[in-house]
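Novice: Model the placement of chain B on the given structure of chain A, informed by the hints.
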Amino acid sequence: MTGAAPILEARNLCRRYPGPRRWPLGPRSHQHAVSAVNLSVAPGEILGLIGESGSGKSTIGRLMLGLERPDTGQVLVDGHPMPQRADPAWRQLRRQLQVVFQDPHGALDPRKRILDQVTEPLDIFAEGTAADRQRRAQEMLARVGLRPSVFTRFPNALSGGQKQRVVIARALMLSPRFLLCDEPISALDVSVGAQITALLADLHRDHGMAMLVVSHDLSMVRSFVHRVAVLFAGRVVEEANVATLFAAPRHPYTRMLIDAVPIADPTRRRPRQLPTPMPPAAPSVAQLAILGAVAGGCAFAARCPHRQALCLQKMPVLQDMDDARPGHRTACHFPNPKGAAQ
Amino acid sequence: MAGSTHASAMQRQTTMAETSLRSTPFVVRLSLACLAVFVLGGLFAGWIAPHDPAAQNLMQRLAPPVFLGGDWTYPLGTDALGRDIFSRMLFATRMSLGVALLGTLIGAVIGTFLGFVAAQQNRVTSGVIMALVDAQAALPFQILVLAALALFGNALWLFVALVGIAGWETYARLIRGAVLSARTETYVQALEATGASAWRIHGRHILPNVANILIIQISLNFPSTILLETSLSFLGLGIQPPLTSLGEMLGSGRDHLLLAWWIAVVPGAAIFLITLSMSLVGDWLRDLLDPDS
Numbered sequence: 000m001t002g003a004a005p006i007l008e009a010r011n012l013c014r015r016y017p018g019p020r021r022w023p024l025g026p027r028s029h030q031h032a033v034s035a036v037n038l039s040v041a042p043g044e045i046l047g048l049i050g051e052s053g054s055g056k057s058t059i060g061r062l063m064l065g066l067e068r069p070d071t072g073q074v075l076v077d078g079h080p081m082p083q084r085a086d087p088a089w090r091q092l093r094r095q096l097q098v099v100f101q102d103p104h105g106a107l108d109p110r111k112r113i114l115d116q117v118t119e120p121l122d123i124f125a126e127g128t129a130a131d132r133q134r135r136a137q138e139m140l141a142r143v144g145l146r147p148s149v150f151t152r153f154p155n156a157l158s159g160g161q162k163q164r165v166v167i168a169r170a171l172m173l174s175p176r177f178l179l180c181d182e183p184i185s186a187l188d189v190s191v192g193a194q195i196t197a198l199l200a201d202l203h204r205d206h207g208m209a210m211l212v213v214s215h216d217l218s219m220v221r222s223f224v225h226r227v228a229v230l231f232a233g234r235v236v237e238e239a240n241v242a243t244l245f246a247a248p249r250h251p252y253t254r255m256l257i258d259a260v261p262i263a264d265p266t267r268r269r270p271r272q273l274p275t276p277m278p279p280a281a282p283s284v285a286q287l288a289i290l291g292a293v294a295g296g297c298a299f300a301a302r303c304p305h306r307q308a309l310c311l312q313k314m315p316v317l318q319d320m321d322d323a324r325p326g327h328r329t330a331c332h333f334p335n336p337k338g339a340a341q
Numbered sequence: 000m001a002g003s004t005h006a007s008a009m010q011r012q013t014t015m016a017e018t019s020l021r022s023t024p025f026v027v028r029l030s031l032a033c034l035a036v037f038v039l040g041g042l043f044a045g046w047i048a049p050h051d052p053a054a055q056n057l058m059q060r061l062a063p064p065v066f067l068g069g070d071w072t073y074p075l076g077t078d079a080l081g082r083d084i085f086s087r088m089l090f091a092t093r094m095s096l097g098v099a100l101l102g103t104l105i106g107a108v109i110g111t112f113l114g115f116v117a118a119q120q121n122r123v124t125s126g127v128i129m130a131l132v133d134a135q136a137a138l139p140f141q142i143l144v145l146a147a148l149a150l151f152g153n154a155l156w157l158f159v160a161l162v163g164i165a166g167w168e169t170y171a172r173l174i175r176g177a178v179l180s181a182r183t184e185t186y187v188q189a190l191e192a193t194g195a196s197a198w199r200i201h202g203r204h205i206l207p208n209v210a211n212i213l214i215i216q217i218s219l220n221f222p223s224t225i226l227l228e229t230s231l232s233f234l235g236l237g238i239q240p241p242l243t244s245l246g247e248m249l250g251s252g253r254d255h256l257l258l259a260w261w262i263a264v265v266p267g268a269a270i271f272l273i274t275l276s277m278s279l280v281g282d283w284l285r286d287l288l289d290p291d292s
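Chains A and B supply the protein sequences, listed in that same order. The first sequence lines up with residues 0 to 341 when you count with numbering that gives the first Met the number 0. The second sequence lines up with residues 0 to 292 when you count with numbering that gives the first Met the number 0.
Hints listed in this document are in silico derivations from the structure and should not be mistaken for laboratory results. One or more of the hints may lead you astray.
What the hints assert, rightly or not - Partial selection, computed: residues in chain B whose CB lies under 7 angstroms from chain A:
| id | residue |
| --- | --- |
| 1 | Thr185 |
| 2 | Ala192 |
| 3 | Gly194 |
Note that beta-carbon positions come from the ideal geometry of N, C-alpha and C, so glycine has one too.
With the rest of the complex left out, here is chain A (with noise of 0.2 angstroms):
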């Protein structure tokens, strides 16, 4: 971790939406999609999240950009919290903070011209005369690795790949500090969406600014954030540098999903742990999640090869493991020893 204050820090972050009432005019379910969520943003860092569908990935994006308000614990923006919607506040801060999103196809208003969609930034916050915002704006479509050609096409006439470099333009025009990627390259073909990484990573060197990726796609995660935090329930279980979190995993969950990534190498293959089916003896998966929300245990104790008595008494809190690498820090009673993968 970098020593320079964070632009944004999530501070026991919790969001949980409304579920059904089990009778009418009953108490509503409640489904918590973040609980307890610490994260940092330092200037200039970029913090991948990974977990799978449902893990609250988008959810801490959103609550980080502001768009949503989390039902307890905070966002600091700058060390000050994030301003109510309704403030003016609020409204200057989205020069700073922007968001690229999952679905290329539906980010773009399908009756506006190209070049007048990238525009438009600088038009809500009158940004010089006109004819500069649209100089701008060519530049920026330019920079992207846009031809000119498609600047006054619509939409639909447009690739996935294109639509997502028109998107990326958008983010950039008010040349934000914070840039969060939700999911920006699960939309598209594998090589396009290396491309667009490549794109990210090269706009990253020029502007420096800070990023939050999330994502599901480990390989592009290694590829180029530089911290990790891995979700898994709405909790973060284990927060690394992208290497160490590579090589040694600590938390089981880590562990399989770096090892459900598959190897094309065989020589290169390594002994994995995949998640095996439950002995026939053991208790269902359902019944131990019941359990272990009851108790108060470990979310993933269900789902753990490690699983112990422990595990399905008390939650265990994310804390740093060895001294020897600060920052790595795991939600585990029973972690793998260090260096245990590859």
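Specialist: For chain B alone, kept in the frame of chain A given last:
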């Protein structure tokens, strides 16, 4: 790679435009031609009409039209007061189309505005508007118009306003739904994340995106507005003499159906043709502009 994608996308677009133009069904072209005749006739009524539509000629009462052995002085015959039906038809078409157009636009503007308002976060206003929509949909509106005209007396502006109010609730319901669904689109979230004002998001982005639904609804609503105007005029509560409309002509021809049926049938046929053509064109527009439905 990018270049070929452009080219094929552009090609696809042009071919789509061409096919839609070429494959315009014959019935639709006929309807468009028919509407053009009535619109031009109404627009240039003052130049085309061979007679003053109000001039009476009692010597020539109930003269038959050309196709029933009449002469070309009165191409469509004369009515009970000896007025030229052809000239009256031109002015009646102008009045009916004008009232229907104005009424449809009033309804569309009010309905669209309230639809946008009802799609906002405020639960009270949206609840009130949607309750009004349900109330209007449940009421027999023609009877309400009859009561209003009887109560406040008949004035042209009041009549037009009432015809306009008749259709607002369909627009409000439709636009509210369209705005609500447009607001879940990622591009709207992107605009919010960039700090765009609600006015910019709704006026510059959502409105253009729901415009095709609006155009379709206007074209489908237009015939029923014409029918509302003509049926009220037929009952004697709409357009009042000396002004005339298709419904008023139909109503006054009713008394002479046995002796001179053309007095009623000619405006009736015109109403039929206009509404049918407009409905056909509206259906075609819907297929053209809204591939989802």
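Novice: Compare the structure with each hint and give your call.
Specialist: Cross-check of the supplied hints:
1. A cut of 7 angstroms between beta carbons decides the hint on B:Thr185: the least distance to chain A is about 4 angstroms, and the hint holds.
2. With a cut of 7 angstroms, the hint placing B:Ala192 at the interface with chain A holds, because the nearest CB-to-CB distance is about 5 angstroms.
3. This hint holds: B:Gly194 has a C-beta 3 angstroms from the nearest C-beta of chain A, less than the 7 angstroms allowed.
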